[in-house]
Amino acid sequence: MRASPRTKKHHQALSYLLILPAFALVVGLLLLPMAQNLYYSFFQWDGISKEIFVGLKNYLAFFADPNFARSFLNTLVWVVATLAFPVLGGLIIANFLRGLRLGNLFKSIFFIPLTISFVATGAIWSNMFSRDLGVLNGLIALFIPKFKLSWLTSVPLNTVAMLFAWVWQQLGTSMVLFLAGLSTIPRDPVEASILDGASKWQIFRHVTFPMLQPVTTVVITMAMVNSFKTFDIIYVMTRGGPYRSSETLAITMFRETFTMFNMGYGAAISVLLSILVILVSVFYIKNMWKKDLLYY
Amino acid sequence: METRKNGPDARKTLLTLLFYVFSTLIVALWLLPILIAVFTSLKSMDEIMGSSKMWTPPKVLHWENFTRVWNKVGMSAYVLNTFLITVPSVVGALLVSSLSGFALAFYRFRLNKAVLVLFIAGMLIPFQMLMIPVFRLSDALSLRDTRPGVILFHIAFQLGFCTFFLRNFMRTIPFSLVEAPRIDGASEWTIYRKIIMPLSISSLAALGVLEFTWIWNDLLWSLVLIQSDSLKPVTLGLANMQGEFVSYYNMTAAGSIIAAIAPLGVFLLFQRYFISGLTVGAEKG
Chain F
1 MRASPRTKKH
11 HQALSYLLIL
21 PAFALVVGLL
31 LLPMAQNLYY
41 SFFQWDGISK
51 EIFVGLKNYL
61 AFFADPNFAR
71 SFLNTLVWVV
81 ATLAFPVLGG
91 LIIANFLRGL
101 RLGNLFKSIF
111 FIPLTISFVA
121 TGAIWSNMFS
131 RDLGVLNGLI
141 ALFIPKFKLS
151 WLTSVPLNTV
161 AMLFAWVWQQ
171 LGTSMVLFLA
181 GLSTIPRDPV
191 EASILDGASK
201 WQIFRHVTFP
211 MLQPVTTVVI
221 TMAMVNSFKT
231 FDIIYVMTRG
241 GPYRSSETLA
251 ITMFRETFTM
261 FNMGYGAAIS
271 VLLSILVILV
281 SVFYIKNMWK
291 KDLLYY
Chain A
297 METRKNGPDA
307 RKTLLTLLFY
317 VFSTLIVALW
327 LLPILIAVFT
337 SLKSMDEIMG
347 SSKMWTPPKV
357 LHWENFTRVW
367 NKVGMSAYVL
377 NTFLITVPSV
387 VGALLVSSLS
397 GFALAFYRFR
407 LNKAVLVLFI
417 AGMLIPFQML
427 MIPVFRLSDA
437 LSLRDTRPGV
447 ILFHIAFQLG
457 FCTFFLRNFM
467 RTIPFSLVEA
477 PRIDGASEWT
487 IYRKIIMPLS
497 ISSLAALGVL
507 EFTWIWNDLL
517 WSLVLIQSDS
527 LKPVTLGLAN
537 MQGEFVSYYN
547 MTAAGSIIAA
557 IAPLGVFLLF
567 QRYFISGLTV
577 GAEKG
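Going down the list, the sequences are from chains F and A. When the letters of the first sequence are read in order and numbered with this note's numbering, they come out as residues 1 to 296. When the letters of the second sequence are read in order and numbered with this note's numbering, they come out as residues 297 to 581.
Chain A on its own, in the form it takes in the complex:
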């Protein structure tokens, strides 16, 4: 009796142990690149060249790698550029899509579904399909190599997703909340502004956090639309730096960390919104 009971128990303990060892390894694998980037960014090139053990912490903290990347390589300007592109793009996309989402959620009109399909097409189709015409169009409209140009295309590119996201959320708002004030004579603008917008705050926040990360991290639009170094966002700056400073591991590591810090901070601060934003669709679908 005893042994029969002990056998599976011992096996179970072993399995649990194995499970924990394995999962610790996987988690370590996920943290390792970040840890090493942090270590590398704080080492001098002499220390890096002196040992092949990249996983050891720096002996002396060389913060000047960061100041050099920030000032001399010009990361400060790149970060500012990204900020000046990202914030208006997110605000613009949310504003325009809150109107279209409102209309698609609460009005029955012909072509409602057709508009939806049009938007979905615009958001699934690869960017490559747009590159050449956008390159020409932006030239014709004198929008190439300008900040408003990039912002405008970002907004257009994100509108499909934003509209769906908001429309789907707004559909869950009881229709009576729209109909009752209508009967009382409230204007549609009042309903949008005083009822629907306040109720949508959490989904607007989730969408805003997602969009901020995506636009901040974008490379392709600026690759096609921006040539001047003075307008380049941080992704493009880092990609160029990766080519130029490829053997300066400490510099590229510091650059990567600078590029990653804002979206990472936004994620850590608004984790709840970020995850709920990503998952709404999957739960409903």
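Bound conformation, chain F alone:
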């Protein structure tokens, strides 16, 4: 049965009404402020006195700012390390956990850190990496007597230490997503390859991995987006220090804005960060758009 034009019109109006609260909140509290932020990035402004229009000066200042350069480099380290460890590690562990008798127990164990906040994770790992009473130095001292290393204040070890905490926290997500993906792969092609005498690696390389591709895209995109946004762990473990050595773009933006009151410059950094995030998610969004299954 087809709805009459009147009810159709009625539905049209009703659907707008149902969307309205969400729409108003998203537009009013998120999208308009974002546009405003873009606008601020063209101004020099300390938050109190009147803003001065400076055009692209804030963006051009990136190239002359050694703090920015270091922060940018650190951000890239975080992104690459995220792809190398939580993502690849999650893939490997998911493949091993499958069909393992204690698989479910292990799955929960890898998942626990994910439910703990980054702040608690950071606090726990700060203790682990402490110079005098940290577990890590204590364990190493069993083999190398009197071993003392100040992990969180030496560069680049502080970033390595924070990445440990990060990997510990993040691995569960990619693992569980890969496990879900693996469970949807039909058995037939895998069994056929076993009959053909393919090795486990060959099966993974030529059967499982290609069929896992949609999940892999989701995991890689989300991991990259999240690593670009890294803030909490660094804020808790080093505050970007010592001497701004372990800052990433998200931390640099925060410091420039709220401690140094370079609001315009902070805004410009956040615009750059947003552009980077959009760039890494374009492929994924396009994929979703085609399938009309927008998600995440």
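Careful: at least some of the hints might be erroneous.
Straight line, CA to CA, 20 Å or less: simulated DMTMM-like cross-link-like pairs of lysine to aspartate or glutamate [as the list claims (entries may be wrong)]:
{"hint": "1", "chain 1": "F", "residue 1": "K200", "chain 2": "F", "residue 2": "D188"}
{"hint": "2", "chain 1": "A", "residue 1": "K355", "chain 2": "A", "residue 2": "D342"}
{"hint": "3", "chain 1": "F", "residue 1": "K200", "chain 2": "A", "residue 2": "D305"}
{"hint": "4", "chain 1": "F", "residue 1": "K50", "chain 2": "A", "residue 2": "D435"}
{"hint": "5", "chain 1": "A", "residue 1": "K349", "chain 2": "F", "residue 2": "D188"}
What the hints contain is simulated information worked out from the structure, not anything from laboratory work.
With chain F fixed as given, assemble chain A onto it according to the hints.
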């Protein structure tokens, strides 16, 4: 014959053994930080300073570390604040997004896809892009340093994800379940309330568990919006404590455990929902 058969067998046993050793090590590495945090939180500072072996269990259980963090450092107030922020935020986000998800799933209207893109943009773009304007806007609306302010921004920030999540689930509900009552003259409100909502309970639960964890664990919004100590959530309290009590390992460990206990409990109770919530997208994508 025998040796040819034994060779690969022995190798296989060795490989299996290696595999189990390696996986035990990895699992231990994942549990170690939690175990040590628990041990440390129950030791006295004297015991901690006396030995570099942080991995040994406490000789005497010093529960007073917890009571001190809970009462004197003020963790009890921080936990209550988090609760008062998280629960209304989750309820609000689910309520508003169930309406928008319903509309996007069952009505064809112009701009349907445009609205989707708008929402996806709002949820992918980094928080940093919002910090300065939100700081000013919350001031202009007198929402800075108030609980309703944080709740409102939390809801807005989570709506994109929630709407997608629910819309995608609702799309799997057969359209006939909506159309048949419509023909029978049921109002749209009745369809939403009596048919779609009951059918969506499990996905609402999955979403609720995820959102609870995320909002509970949030640091950034409160960092930007809250100044008064009396309104601070547990993440902010712990971050400050980490600065103040940095050499009091037992206190910071106890604080971390207190901060982690609620989301951990929710996860353990609703593990099934949590995992299904996280994976729906990956399976479909």
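So, going through the hints one by one against the coordinates:
1. K200/F x D188/F: With Cα atoms ~15 Å apart, K200/F and D188/F stay inside 20 Å; holds.
2. K355/A x D342/A: holds, 11 Å
3. K200/F x D305/A: Given that 20 Å is the threshold and the Cα spacing comes to 17 Å, the pair holds.
4. K50/F x D435/A: holds, 17 Å
5. K349/A x D188/F: With Cα atoms ~52 Å apart, K349/A and D188/F exceed 20 Å; violated.
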